Each structure stands twice: as C-alpha cells, then as structure tokens.
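Chemist: Chains Z and V are the protein sequences, given in the same order.
Using this note's numbering, read the first sequence as starting at 10 and increasing by one per residue.
Using this note's numbering, read the second sequence as starting at 3 and increasing by one per residue.
Please note that a few of the clues may not be correct.
Heads up, incomplete: computed chain V residues facing chain Z, CB under 8 Å, no partners named [as the list claims (entries may be wrong)]: (1) Gln25; (2) Val28; (3) Arg99; (4) Leu101.
Here are some of the chain Z residues that sit facing chain V, going by a computed Cβ distance under 8 Å [said to hold, decoys possible]: (5) Leu14; (6) Leu50; (7) Tyr66; (8) Thr68; (9) Phe69; (10) Ala71; (11) Leu74; (12) Gly76; (13) Thr78; (14) Thr105; (15) Lys348; (16) Tyr350; (17) Val352; (18) Glu353.
Just so you know, these hints were derived from the structure itself, not from any lab.
Note that the coordinates shown come from a computational prediction; the quantities given were computed from them, not determined experimentally.
For each residue, glycine too, the CB sits at the ideal point set by N, CA and C.
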Amino acid sequence: MQLTLWTYEGPPHVGAMRIATAMEGVHYVLHAPQGDTYADLLFTMIERRDKRPPVTYTTFQARDLGGDTAELFKNAVREAYERFMPEALLVGASCTAELIQDDPGGLALALRLPVPVVPLELPAYQKKENWGASETFYRLVRALAAPHAPPADWQRPAREAGRRPRCNLLGPTALGFRHRDDVKEITGLLARLGVDVDVVAPMGASPSDLARLGEADFNVVLYPEIALSAAQWLQRTFRQPYIDIVPVGVTATREFIAAVATLSGIDASSLLAAEQSRLPWYSRSVDSTYLTGKRVFVFGDATHVIAAARVAKEELGFTVVGLGSYSREFGRELREAAKAYGVEALITDDYLEVEAKVRELAPEMVLGTQMERHIAKRLGIPSAVISAPVHVQDFPARYSPQMGFEGANVIFDTWVHPLMMGLEEHLLAMFREDFEFHAGAGPSHLGHAASAPSDAAPAQAPTREPAQAQSTISMTPADVCWSDDAQKELMKIPFFVRGKARRNTERFATERGLATVTIETLYDAKAHYSR
Amino acid sequence: MTIQTPVASKGCSDVPVLRERGQREVFCGLTGIVWLHRKMQDAFFLVVGSRTCAHLIQSAAGVMIFAEPRFATAIMEERDLAGLVDANDELDRVVARLLERRPDIKLLFLVGSCPSEVIKLDLSRAAARLSRSHAPAVRVLNYSGSGIETTFTQGEDACLASLVPELPDAAPNAGKSLIVVGALADVVEDQFRRLFDQLGIGPVSFLPPRRTSELPTVGPQTQYLLAQPFLGDTARALDERGAVRLHSNFPLGIEGTTNWLRAAADAWGVSEQHFNTVVQPPQERARKALDHHRERLADKSIFFFPDSQLEVPLARFVSRELGMRPIEIGTPYLHQQHLAAELPLLPQNALLSEGQDVEKQLDRCRAAKPDIVVCGLGLANPLEAEGMTTKWSIELLFTPIQGYEQAGDLAELFARPLVRRSRLEV
Ligand code: SF4
Ligand code: SF4
Numbered sequence: 010m011q012l013t014l015w016t017y018e019g020p021p022h023v024g025a026m027r028i029a030t031a032m033e034g035v036h037y038v039l040h041a042p043q044g045d046t047y048a049d050l051l052f053t054m055i056e057r058r059d060k061r062p063p064v065t066y067t068t069f070q071a072r073d074l075g076g077d078t079a080e081l082f083k084n085a086v087r088e089a090y091e092r093f094m095p096e097a098l099l100v101g102a103s104c105t106a107e108l109i110q111d112d113p114g115g116l117a118l119a120l121r122l123p124v125p126v127v128p129l130e131l132p133a134y135q136k137k138e139n140w141g142a143s144e145t146f147y148r149l150v151r152a153l154a155a156p157h158a159p160p161a162d163w164q165r166p167a168r169e170a171g172r173r174p175r176c177n178l179l180g181p182t183a184l185g186f187r188h189r190d191d192v193k194e195i196t197g198l199l200a201r202l203g204v205d206v207d208v209v210a211p212m213g214a215s216p217s218d219l220a221r222l223g224e225a226d227f228n229v230v231l232y233p234e235i236a237l238s239a240a241q242w243l244q245r246t247f248r249q250p251y252i253d254i255v256p257v258g259v260t261a262t263r264e265f266i267a268a269v270a271t272l273s274g275i276d277a278s279s280l281l282a283a284e285q286s287r288l289p290w291y292s293r294s295v296d297s298t299y300l301t302g303k304r305v306f307v308f309g310d311a312t313h314v315i316a317a318a319r320v321a322k323e324e325l326g327f328t329v330v331g332l333g334s335y336s337r338e339f340g341r342e343l344r345e346a347a348k349a350y351g352v353e354a355l356i357t358d359d360y361l362e363v364e365a366k367v368r369e370l371a372p373e374m375v376l377g378t379q380m381e382r383h384i385a386k387r388l389g390i391p392s393a394v395i396s397a398p399v400h401v402q403d404f405p406a407r408y409s410p411q412m413g414f415e416g417a418n419v420i421f422d423t424w425v426h427p428l429m430m431g432l433e434e435h436l437l438a439m440f441r442e443d444f445e446f447h448a449g450a451g452p453s454h455l456g457h458a459a460s461a462p463s464d465a466a467p468a469q470a471p472t473r474e475p476a477q478a479q480s481t482i483s484m485t486p487a488d489v490c491w492s493d494d495a496q497k498e499l500m501k502i503p504f505f506v507r508g509k510a511r512r513n514t515e516r517f518a519t520e521r522g523l524a525t526v527t528i529e530t531l532y533d534a535k536a537h538y539s540r
Numbered sequence: 003m004t005i006q007t008p009v010a011s012k013g014c015s016d017v018p019v020l021r022e023r024g025q026r027e028v029f030c031g032l033t034g035i036v037w038l039h040r041k042m043q044d045a046f047f048l049v050v051g052s053r054t055c056a057h058l059i060q061s062a063a064g065v066m067i068f069a070e071p072r073f074a075t076a077i078m079e080e081r082d083l084a085g086l087v088d089a090n091d092e093l094d095r096v097v098a099r100l101l102e103r104r105p106d107i108k109l110l111f112l113v114g115s116c117p118s119e120v121i122k123l124d125l126s127r128a129a130a131r132l133s134r135s136h137a138p139a140v141r142v143l144n145y146s147g148s149g150i151e152t153t154f155t156q157g158e159d160a161c162l163a164s165l166v167p168e169l170p171d172a173a174p175n176a177g178k179s180l181i182v183v184g185a186l187a188d189v190v191e192d193q194f195r196r197l198f199d200q201l202g203i204g205p206v207s208f209l210p211p212r213r214t215s216e217l218p219t220v221g222p223q224t225q226y227l228l229a230q231p232f233l234g235d236t237a238r239a240l241d242e243r244g245a246v247r248l249h250s251n252f253p254l255g256i257e258g259t260t261n262w263l264r265a266a267a268d269a270w271g272v273s274e275q276h277f278n279t280v281v282q283p284p285q286e287r288a289r290k291a292l293d294h295h296r297e298r299l300a301d302k303s304i305f306f307f308p309d310s311q312l313e314v315p316l317a318r319f320v321s322r323e324l325g326m327r328p329i330e331i332g333t334p335y336l337h338q339q340h341l342a343a344e345l346p347l348l349p350q351n352a353l354l355s356e357g358q359d360v361e362k363q364l365d366r367c368r369a370a371k372p373d374i375v376v377c378g379l380g381l382a383n384p385l386e387a388e389g390m391t392t393k394w395s396i397e398l399l400f401t402p403i404q405g406y407e408q409a410g411d412l413a414e415l416f417a418r419p420l421v422r423r424s425r426l427e428v
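In isolation and in its complexed conformation, chain V is listed as follows (with noise of 0.2 Å):
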C-alpha cells in the first residue's frame, strides 16, 4: 500500500504492539451481514456455507423478527464436496430459486465461508456467470466473509471493496465530488449530508447507498473520507479507481468529527471562519451531552478487548473526552496508514495490542481490574460474573455513534453498565 501521509510513516514503526498470535474470540466477516443488508434495502446476501454459517448469522441477528431476512446460507451437503462442477450446479439452482422467491432483488452478492474457500469454489466465476444468466434484472457480485480471511467487521470492508468496481466513472468534466465510505446508520448519514451542504461541500455521496441504483460515481476528481476505520482493501479499491483519501480522524466523538469534517472542508478550501460557524453549534449541544457524563467516566480505567477495530479511535475519544484512562486497546488488526492520525492521540502509557490470545488477555484484565471492559458478548457475562462491568462491543456497531449529535449516546454506552452496577443492591 502506498504511503500518503507524512504522519503514516511514523505511525507505521514507531508505536509499540504487543502482537499476540493465539485463539481469538472474535466474530468472521459474515456477521456484516447483519447491518449492511438493513443498509443496502435491495441488496440480498448468500452465503454460500455451512450450517456453522447459517448459526452464526443468526444467532447474532436474531433473526426470527423478520418475516423473511434478506439473507440466507446455502449450506453444502455431503455431495456438494464430491464434486466443484456439482457444487457450481447447485449454487445456480439455490441462486434461480431464490431470485424467483425474490424479485425484488435488485443486487445479489454471493458471500464466501471457510467451507467454500477451503474446497476452493471459485465464487467470483459463479457471480460472473450469475450475473449473465440473470442481467439485466440482478446483478450478482461476491466476496469473502470467511473466518479464515476476514475478521467481524473486515466483512463490511470486503463488500464495499467488491462494490467499488461497480461505481460507475465520473463524467471527466463532473468537477470535485465528496464520498463517504463505510456504512452508518441513516440518521448519521443525513446529519453529515446537512453539514456538508452549510460547508459547501459537494457532491456528496455515501457508499454503501441506501439503494444499490445509487451508486455514488468515481474519478480521479472525486476525494472520499472514510466513516470507519476498518476499510483498508476498500480504500485500496477506491485509490485504483483513482479517488483521493482525506486523511483524518474517525467522526467518533467532537475531536473526530470536527478534525473528519475539517479533512473535508480544507479539501474544499472552506474558510475557517465558515467552518466554525458551521460545527460551532453541534459542537455545543454534543459538549453539553458529554459534560454529563464525564463526571460519572472521569479518571475509569477502561479494557479493550479486540474485535471491531474501532477500538483506537473508541480509546482515543474516551480518554481524551471523557477522561477515561485506556489499560489495553486490543484490536485483531492495527492499520497503522489509516489510524496515523489516532495514534498519535493515545495516551502513552495504555498497552495497545494486536491479534489475540485470549486466555493471556484474560489474563492481563483480571490482574488490571479495569473499571469497565468491552469485549465480545462471549465474554461479557463471565466477566460480569468475576465482578467486571461490561460493555458488548457489538452494540458500537449496531447504534448510530458517529457525528456530534450522537457523541453524548456514544458515552452513555459506557457510562450505563457502570450506572447499572452502582444502582443495583443485589
């Protein structure tokens, strides 16, 4: 990968990692599936799996609520590993059948497991042909959610990657136009848009669209900021197509927001002065809502363990908006290039580590007796049990915490297990 930021070559080498290389207690991508397909309103998700796959989805959507989910497995059978030609048959069977049970879908994406890699079902030749025996009505892409390759939310990463070289190219005469890339809640996505449009900014559109017929264009003039921070191959992606990375922060918290909005406006040579008119009054509502909390989080110690890799910009707006003292900020994978400018941010003296082992890092919490720790919800129960406040990290991906007027919602998520403890008398 291409270094663009004087801050990134620092950032590659100079912090100390503990890297560990041991079981990991952490979702695979599949379990993106989860967000993007309430995202993407006409975009179906196939894995094609084992009924290990088929569980794990749903054990962490839960998804009886729905009348029918807009994703399903294909679980290979017995037969199914007999042969790759059968098994490709069977693939376009389930693909007919479903898409005939389906025809609102508009974009179909084939997903890949352990199973389908290991067996080496080569899902990019099944889409391809896919997508011509059902064009133009579906288009059909795939990508990979496998444990074996993707880590919980690097599942997003791969399918927005494999949705870049579909973005069709900007008119060479289009002028600057703004993406943001990674999925956010709607209500996060149309605060942006209203800020970006006080700033002057735009175009400005968001990958992944509500819609998959709105699929943001793309050319040398277009810039993008990414959302979140775990979007390396996409960005890849996105820089081939020619596209620009504005180089920032996370809009986790009033810091991040302001310094990911601030990429934005430098880029659009929007005045300081306007600038600050703009943020000035969202960044007083969120200040009020934090001021709230930072009494109750103030001087908390705080454990991280790895699994969103949110963690480094999560750690940096605890501590340096909440006071919050940060023990250990694990996360399964550090790309240093795109958290150049978290880094720097950290308190010095938290351990920050990569990958996992989890027993050692039961470990090193225990002996640290953090005041709040947030992991998996594997975890959380036990440690509650061994007198530990949790928080699961799977919430920070379902709620909407980007943005000004979520950084108050972000803080009380750490603050309510804590309240919760000191309320209860049983």
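In isolation and in its complexed conformation, chain Z is listed as follows (with noise of 0.2 Å):
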C-alpha cells in the first residue's frame, strides 16, 4: 500500500481513454463501477472537449457481483456497438473489474462483431495512465496494421524517385500537454522541409489510418512516453525508421531536422539557414543579463523534463540545480540526462519528496506541472508549467506549441515573463511595508488563483483553510530573530535582493542554530552564498 495525497498520473485505464477519446471511430467499453465515469469530466472540463470520451460504462453494482456480471459486460458491449457503430473496440477492465476477473476480451470476442475489437489488459495494481496509453495505442497499432504487415524477409525499398518522403507523426492524445499546437507546429515544418505528414496518430486518427501506418517512409516519436512501443514494432514489422529527437527548443528542433534531412534524403541546409526563432537573439539581449545562472529545478514527464534542462542551460543560460520525473519508465534516461548537469536525478510520484527537494535546493525559479507550480507559489518562487498532468490553463485558446522554432519563442516568454514579473513586484512592493512576511501579498504572477473549474468548486466548498494555504509561504522558520542592528542593515541592501537575502540569512542562522541574526551574521551568510 502506497500513502498517497495527490497523484500525477491516473489509473491505467485513463491512457487508454486518451487513446480513444483523441481517435476517430473508436469506442473503449469498460468494465468499471460507477464512480469511474468521473474520467469524462477530465476530457469534457479540463480540455473543454465537445463531445463526451467514446467511452461506455457497465457501472455494475454490489447486487450485480453475486449476479452475472459477464451478461452485463457482454450486453454494454453489444448495445454500444450498436449506437455508435465504431470501427474498432477497446474492452478492458478497471481496477475493480480487474478482480472480478470477467475477461472482457474474451467475452467481446464471443460477439463476434464485424469489427476489429481489442483486447486491453492494464494492470491497475502496478502501473499508470502513461504506460496504459502507450500500451492502448501499441495494441491498436498491432491489431490493426498487422494484416497488412509485408513478409519478414522483405526490405523497404528506396523511395521512387519525385515522390515526397512521407511520415506519420506519433504520440499526440486527448489530455496532452499541448500536443494539439505541436502537431501543427511540426506539421508545419515538416511541410517547409519538403516532407508530408501521412498519419497522426492517435489524434484525429481513425482505425482504417492505423491501418496503413507502415505506408510511411518513417516515424516521428513526438512524445516517446506514448508512443515509443508502437514505434519500435513498426520498425521490427515495417522496416520503418523512427526519429524520437523531441523538437523542444531551438538545438534540439535543429537536431530535428537533419535527422529528418538523413532519414528522407533531403537537403536541410536552406531551411537549417533560413528558419528562426527570436530564442537565441533574445536570450543574448543584454537586458537577459539577469538571467545567467538562475537556478532552476525542472520535474515533470520525461520527456519534457529532459528537453526543459536542455533548453535551460543551453538557451536561457540558467543553472539546472536539480531535476527529476514521475516517469519510472524512462528512468535510465533520465539519470542520463541529468549527469550532464552534476545533479542526481529525482524519481519519485510522490509530491512531498518534490516539495522537499525544492526547499531544499531553494532554486530561483521551479519548471514543473501545475502541482510545481502549486509548491513554487507557497515557496515564492516564479514557476512555470511544462508538463503534464494537465489543467484547464494549459488548454490556452491561442496557438501556443512547445515544438519546434514558435514552440521555442513561447517558451522563451513562458519561462522569462515569471522572472521579470518578480522584479516589477519588487519595485512595487518598496512601496509597501516589507512584504516577504505577509503571507497575504504573494506577488500575482507567482501563479494565479486557482481558475480550473476542479478548482472553482472546492474553493466555494462550505468552509475554508486559509491558514493551511498560508502557513507554508515563508521559507524560513520563524524562530530566528534578527537583532535591531542587523535589520537596519538588511534595508540597506537594495530592495530586489532583500527577500533573497534574508532567507538566506535566516536559512544559514537557522543551520547552525543560531537563535538570533546579527550583522556578523548576516555577513557570514552573504559570504557563504557568494560561493
């Protein structure tokens, strides 16, 4: 048993509702009781989507478990072949049809319906929402694209000559973070390129477009965490390579293309000279000076963790003081990546332990999920999003990719805005009494009141915690006093950086065990963080 207060990722068989709910003519029936069907409102609330997931329900009850549970199960599954008449099923169980163990493959098999149906098996004692998408869009991807898998001796030949190389771009779903704008943006440029988009998938993709996934030239892996599995079968079945450079920043969007440039025999190096990002000017305008070596810690999916690091030290010229990800799976790579910044990676689903990384580094700016963006606001510090689990706010309704050269500019604004907003705050707050202990006057761009409409209803819920939410704002305990001399000495120092001194200050004094700060104190300190 796992003691758990918030999780980043939902059960299993919520990937597999990502899967069908970004498909065309697909219908998943679940074996489930009743309270599982608040996984609509994810799809319906969080992504505004129109359209309810192509998801039934058998909802069975206790009375229903002495009974014929599998006659339930059968009848869902033939009533909603029937009024929705997909072009392929998903069957599978939850957590607590898992137990009951009913086989819903084998009963839905039993049908025999003129449909492909998929049998979706998703332990839900042992993994989670990402492995389940990735395991649902594999099993589709097999089930419908294996009959018209060439012999295993067979060798892709080379493209005819005058055709344009084409790909698929894999990984997209319902629920992802961003991914509708990064198909569009990669889509884009893969059109500049000279190279067409044959088949996204899952997003907007039918069962039929699986089913001539191999007609492709190659794969574009946008999100491994998704679509990774799919991609490596295709390869073994199809003899189709796959690109999983992830386009996140201007490098690696470059990387991007020469390997597309290599794998379509194409000639990059007018695009490579002619495409641009405003990033790189950016970042080398002086007034980004003050940017330099900002530590930041980055924690969220794989993927977009070890792309964020990259962008930072590389792009932003930040200081990755720390970084880590919910995503077990890609552990090794994680570990990788974060030797390339002397730090040891994080791998945890447990909020608490990133909580108590973040205060422990006191980085000067958190990359995270929203829940980062949670910790960083009762900490103080900027935070910005770029990860799943996502939230109503990262369903923007302008065009706002994370790939590719625009994916960069958005995310050069997106991370640099909280900074600079902190330092407009700063000359606001010197005309307030000093404010870094009044918990009430947390500056407004660290985060916004809680707008999701998950959000919304709580917060009008009958009664309130304010203290809970504002005891944790300072960083430092308040045990330390400062003498009379020392604090007249801390509002010398100019305004910007006397809240970062004297947590600083307090931080040291509080280490050693020093009950009161005194300048030697406040010097000692100033000289111990200048290191």
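These two chains come separately, so use the hints to put the complex back together.
Modeler: Set out below in structure tokens:
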C-alpha cells in the first residue's frame, strides 16, 4: 500500500481513454463501477472537449456481483456497438473489474462483432496512466496494422524518384500537454522541409488510418511515453525507421530537422539557414543578462523534463540545480540526462518528496507540472508549467506549441515572464511595508488564483482553510529573530535582493542553530552563499 | 424501515416512477470527502482503494490548492491483493505513518472502496484494531464510499451513519434537544442557529459538527431534522438510538425552509404568531431576492439528470417558487419516505425517474429540448455544444443553498447559465 495525497498519473485505463478519445471511430467499453465515470470530466472540463469521450462503462453494482456481471458486460458491448457503430472496439477492465476477472476480451470476442475488437490488459495495481496510453496505442496499432505487414524477408525499397518523403507523427493524445499545437507546428516544419505527414496518431486518426501506418517512409515519435513502443514495433514489422528526437528548444529542433533530412535523403541546409526563432537573439539581448545562472529545478514527465533542462542550460543560460520525473519507465534516460548537469535525478511520484527537494535546493525558478507550480507558489518562487498532468490553463485559446521554432519562442516568453514580473513586483513592493512576511500579499505573477472548474468548485465549498494555505509561504522558520542593527543593515540592501538576503541569512542561521541574526551573521551568510 | 408518517404510505406506492438500470453517469460516494473534510476540521479521510479512487477525489476536488489536504488514499498494490494479512499489516503501517505526520488528527475515517470491498478487506475490524492501538489520541471509524455500494451523496450518508454510534448518550434528565443532520455550510448553520434561538428551540446541535470533539448527544428525547434528502442510513441509525425524526420538506427555498423550521417549531410548541414574527423578515428578504430571478426563469423548462438526490426538492422549489417547468426529474435513488412531503408538491406532468441509463436519458433530453439541463460535469460541455444550456449539479453541493438567505443564490444558480447564453453574441 502506498500512502498517496495526490498523484501525477491516473490509472492505466485513463491512459487508454486518452487514446480512444483522441481518435475517431474507436469506442472503448470499460468494465467499471459508476464512480469511474468521473474520468469523463477530465476531457470535457479540463480539455473543454465538446463531445463525451467514446467510452461506455458497465457501472456494475454490489448487487450485480453475485449475479452475472459477465452478461452485463456483454450487453454493454453489444449496445455500445449498435449505438455508436465504431470501426474498432477497445475492451477492458478498470481496477475493480480486474479483481472480478470476467475476461472482457474473451467475452467481447465471443460476440463476433463485425469490427476489430482489441482487448486491453492494463494491470491497475502495477501500472499507471502513461503506461496505459502507450500499451493501448501499441495494441491498437498492432491489431490494425499487422494484417498489412510485409513478409519477414521484405526490405523497404528506396523512395521512388519525384515522390515527396512521407512520415507519420506518433504520440499526440487527448489531455496531452500542448499536443494540439505541437502537431500543427511540426507538420508545418516538415512541410517546409518537403516532407508530407501521412498519418497523425492517435490524435485525429481512425482505425483505417492506423491500418496504413506502414506506408509512410518513417515515423516521428513526438512523445516517447506514448508512442515509442508502437514505433519500435513498426520498425520491426515494416522496417520503418523512427526519429525520437524531441524537438523542444532551438538546438533540438535543428537536430530534429537534420535527422529528418538524413532519413528522407533531402537537403535541409537552406531551411536550417533560413528558419529562425527569436529565442537565440532574445537570450543574447543585454536585458537578458539577469537570467544568467538562474538556478532552476525541473520536474515533470520524462520527455519534457529532459528537453526543458537542456533548453534552460544551453538556450537561456540558467543553471539546472535539480531535475526529476514521475516517469519511472524512463529512469535510465533521466539519470543519464541528469549527469550532464552534475545532479542526481529525482524519480518519484510523491509530490511531498518533490516539495522537500525544492525546499532543500531553494531554486530561483521551478519548471514543472501544475503541482510544482503550486509548490513554487507556496514557497514564493517564480515558476512555469512544462508538462502534464494538465489543467484547464494548459489548453490556451491561442496557438501555443512547445515544439519547433515557434515552441522555442513560446518557451522564452513563458519562462522569462515570471522572472521579469518578479522584478517588477519588487518595485511595487518597495512602496509597501516589507512584504516578505506578509503572506497575504504574494506577488500576483506566482501563479493565479486557481481557476479550473475542478478548482472552482471546492473554492466555494462550505468551509475554507485559509491558515493552511498561508502558513507555508515563508520558507524559513519564524523562530529566528533579527537584532535591531542587523534589521537596519538588511534595509540598506537593495530592495530587489532583500528578500533573498533575508531568506538566505535565516536559513544560514537556522542551519547553525543561531537564534538571533546579528550583523555578523548577515555578512557570514552573504559570504557563504556567494561561493 | 419503519413508516412513521401518514403521507409515507401514499408516497411509497402512488407516484409513477420510471426505473432504469443501465450505464450510470454519477460519481461514487468517495466524492463526499471533498466537502466533508472541510466541514470536520479535525478529521482525516483515508481511502483504502486504488489509483482510480485517488484520481477521482483529486479530480473532483482540484486539491492542488492545498499544502496538504486532510484526505489521502492508501493505494493498494499487487502484493496487497495477494494476502489479506499483509494488506492489514500494510494498512497499519500506512496509518501509523500518516498519524505521525499529522498529529492534529483526532478522528480518522477509513473509507472503503470498490477494490477493498471486492477483496473483502474488513475495514470495520481494521478500524477497531487501529482505534485500540492509537487510543486515546485518535479515534478510527470506517464507512464505505465505494461505487458498487454508494452513489455520490450516499457517501455522506455512510459517513454520518458511522458517526452515530459515537454520539454520547444524552443524560436521562437532559430534556428535549434538536439535531440538524447533514453537512451545511457554516454560514447556513449559523443562520439556522439564530432562527432556532429566536424561536426558542434548543438546545440545537449539528451533525456533522465542525470539530469532532463537539459531537451532539442523543437519546429518546432527541428530535432530529434532516437537512439533506440523502441520509437514509444516518436516519435509521439515529432511530436506533431512540431519536425521533421530524418530518418535513427540505430547507430549499422559502416554502421548504418554512416547513422545515415549522416541523421543529411544532415539536417545541412554538405559537403560530411567534413563528411568523420570527420567519417573516427573512421570508420577505428571500421573496425579494426570488422576484428578481422569477422573471427570467418563469415558464422555462428544466431537465434533471440524476446526481445528488437533491433533484426532487430542487424540482419542487423551481416549479413552485420560480414557475419553472420540470420535464424530467432524475434521481439516483428515490427514498420515498424521506421525500414524502416533497413528492406531492411536484408538478403532475413531470417524469420522475430513478436510476439511469445515460444514453437513453440523453435521447429523452434531446427530444425534450429543455431550456436548462442540470447534470454532472462529464455531460455539461457536450450538451452545451449541442446547443443546450446546463447547470453543473456538483455546485449544488459546494455552494450554500439552504435556508432563506440563500434562496436567491439558489435561483441565481439556475438563472446565470441562461443569462450568460443570452448575453453572448459569438
Ligand atoms: S467507483 Fe469504486 S473504484 Fe471507482 S473511484 Fe469510486 S470507489 Fe474507487
Ligand atoms: S422508499 Fe424509503 S420508506 Fe419507502 S419503502 Fe423504500 S426505504 Fe421504505
């Protein structure tokens, strides 16, 4: 048993729903109790989808358990088929139905429906959402594309002269972090390179699209968490190479272009020379000097963390002081990436551990999920969101990719804005009484009052807990007091670094068990932290 | 269950009800934790369940706002399923770790889920064991919020029912007392308390209390009023303790609130004249507040998907006080005895449905083209996209809606989506 206050990932069947919901013509019949229907709201409220996810739940009850839950399941499949007429059916069990062992796959196959039925075995007590999404996508691709597989000794012929190279984009799902816009950005980039996109999957693809995946020259894996296993199978089966360079950031985008060029035998040099992102120049612009060496902590899914850490270091000149992920499946890659920054990867799905790490490292910026945004807000640290799990704010109305050159522009703005605003807020703070210990007056840029529908509801719940929300704002224990002259000295420090000086000094004092901060302590701390 | 009211026998049989058993689109009882943990400030809710259960609560609650919420899930893993002995050991370990972290917890609820029930993990024995080992600092209780046993608000019922045996016995000479049963917003509780004071009704206590050290006493001289329509098990448990239920409407709208207060006033022998003096000023205010919305809402048709069991009293309120026309009143469970005072007040031509087959109900809803649909979060946006106006039902649980001072707010909840739609020109 694992004590969990909050979880980064849902159960694996939610991953399966992300695939089914992203696609057209697929229906998922899930053997599950009624409460599991909550998952619909993830799609209709967080992503603001205008259709219900294509999911039928059997919603069995305790009184059904003695009787025939298998029959209930078969009826649900039959009725769902008749009502929705999908091109393919996914069937499976959620955690509870897994325990009653009705064998949804066998039951559905026994109905002999005239469409492919893909049984999903998603062990709910071992695996999580991203694994479930990956497994579902892999099973679907296999089931639908395998009938078109070439013989084992087949070799992929060279592209016919005059035909533009074709690729598939694999990985974008429903509820994905900026997947919608990444697909558009990368499709445009490939078009300018002279490469056509054949199938985007699962997002927008139908079962018949999956059946023809093997026709493209190669695959682009945008999100390895979702599509790597499918791409590997396609490589084995169709001798179809794949690219899994994640084009987040200017350098990675250029590497991605180079890889596409190599694979498709085209010349990308003119595009590479012409394509521009504003990020490199903005980073060089003198006003960005203050970004130098900003200490950042990065946490999220493996893909976005590895990419973000690199952008932070190489393209914005930050210092990566810590990095971590909840994607256990990519532990090796994460540990590898962490080495480049001389840090150790924190691989956990316990946000309390993440919070403890942030406290310990006291970074100047946090790049993370919505949860890290909250952690950072409590600690008074600027932050930006780089990864799922998603929140309604992660589906902006405007075009806002993370990938490609436009993605790099978006990243520059979204990461630098909170830091810049931080400076402005300090200017405002100058006119107030020292606001550092005045919990109610947190800078407005440190995240906004929660505005998701899921947030809005409890915000109006019967009783509120203001004390809880505020008590953790100060990072340092209040039991350190300042001598009068040290306090006066502190006031002589320029206002925009005063807060940091105060925090560092108090931390320094606490660590050394000093109850009072004197002028000496202040300067000892200054010397200590300016190493 | 014993039938105690003359109307009940009529209520139980006469009303034609469409009973459906198909796919339900409702939360399970775990959801109640979202509001219960905020009401009982020194209680902690530990769900013994799966990752799905954890995900449900955080999705329904949006818990990221809090530093550390007062609820958590002990997520069962592969090895917990292998042997129940180990599962119990694991649970003990998790609870010990939790209590160490949170010394402020005085009452811990172990909340059962579908997985814990299917593997027959006996949480009542676990609760007794843990109560012994953590006494006297912490009391451990258990109830089921599982989706195979409970629908949405029934989780609150199960929770409160588990509290009833904990209520201290009233002293034999303590005299009459009143318990208001069902979680209400603090502000509503305070308003009711003032009204009862003015009426000379007391002592009054509330279940659940804000702090678990303030549990009301109960005995044969205790009378209780249900503030929520979904408290069947809690009522039964109180009856077993000898308490007597005061039959009434539920305190939604002017009429509901008046009848509800009157049930207590009658039991306390408050004169009609004094009753009227006390309730007239707030009634007057409520009437003004409702007038404002009636213009907009009168004659609008409304369709309730089953969700909270509040649907019947809500339909009574919107039809009688706002002039709306309920087309279908869906409820997950129709407790006819508790609704005995409500059912006769419903318009004759509204379809009453119990249970759900969501696809068929959506078909009926589309065919009926109601002016406004009250439904869960999973259905709201898809229906809006089809051109319907919707109100999320979960807000009816999170917003203070009971009593005179909230009658206007309650009406506003229905008016706002319509106003919004009429404003938007895109
Ligand atoms: S329906 Fe059952 S399994 Fe699903 S969230 Fe509720 S208690 Fe957990
Ligand atoms: S509806 Fe309530 S009162 Fe009527 S029979 Fe059922 S349990 Fe008894």
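Chemist: Work down the list of hints and note, for each, if the structure agrees.
Modeler: These are the hints, each one checked on the structure:
About 5 Å separates the beta-carbon of glutamine 25 (chain V) from the nearest beta-carbon of chain Z, less than 8 Å, and the hint is met. Taken as an interface hint, valine 28 (chain V) checks out: its beta carbon lies about 5 Å from the nearest beta carbon of chain Z, inside 8 Å. The criterion of a C-beta within 8 Å of any C-beta in chain Z is met by arginine 99 (chain V), whose closest approach is roughly 6 Å, and the hint holds. For leucine 101 (chain V), the suggested interface contact is broken, since its CB lies about 11 Å from the closest CB of chain Z, more than 8 Å.
Look at leucine 14 (chain Z): its Cβ gets to within about 5 Å of chain V, closer than 8 Å, so that hint holds up. Interface restraint check: leucine 50 (chain Z) against chain V, minimum CB-CB distance 4 Å, threshold 8 Å, status holds. Using the Cβ-Cβ criterion of 8 Å, the hint placing tyrosine 66 (chain Z) at the interface with chain V is satisfied: the shortest such distance is roughly 6 Å. Against a cut-off of 8 Å between C-beta atoms, the interface hint on threonine 68 (chain Z) holds, since the closest Cβ of chain V lies about 4 Å away.
For phenylalanine 69 (chain Z), the shortest C-beta to C-beta distance to chain V is roughly 7 Å, which falls under 8 Å, so the interface hint holds. Contact between alanine 71 (chain Z) and chain V, as hinted, is supported at the beta carbon level, the nearest pair being about 4 Å apart and thus within 8 Å. This hint holds: leucine 74 (chain Z) has a C-beta 7 Å from the nearest C-beta of chain V, less than the 8 Å allowed. Checking glycine 76 (chain Z) against chain V: minimum C-beta separation of about 12 Å lies over 8 Å; hint violated.
Hint status for threonine 78 (chain Z) relative to chain V: violated, with the closest Cβ pair at about 10 Å, above 8 Å. Using the Cβ-Cβ criterion of 8 Å, the hint placing threonine 105 (chain Z) at the interface with chain V is satisfied: the shortest such distance is roughly 4 Å. A distance limit of 8 Å between C-beta atoms decides the matter here; for lysine 348 (chain Z) the minimum to chain V is near 31 Å, and the interface restraint is violated. With its C-beta approaching chain V no nearer than about 27 Å, tyrosine 350 (chain Z) sits outside the 8 Å limit, and its interface hint is violated.
A distance limit of 8 Å between C-beta atoms decides the matter here; for valine 352 (chain Z) the minimum to chain V is near 25 Å, and the interface restraint is violated. The closest approach between the C-beta of glutamate 353 (chain Z) and any C-beta of chain V is roughly 25 Å, which is over the 8 Å cut-off, so the hint fails.
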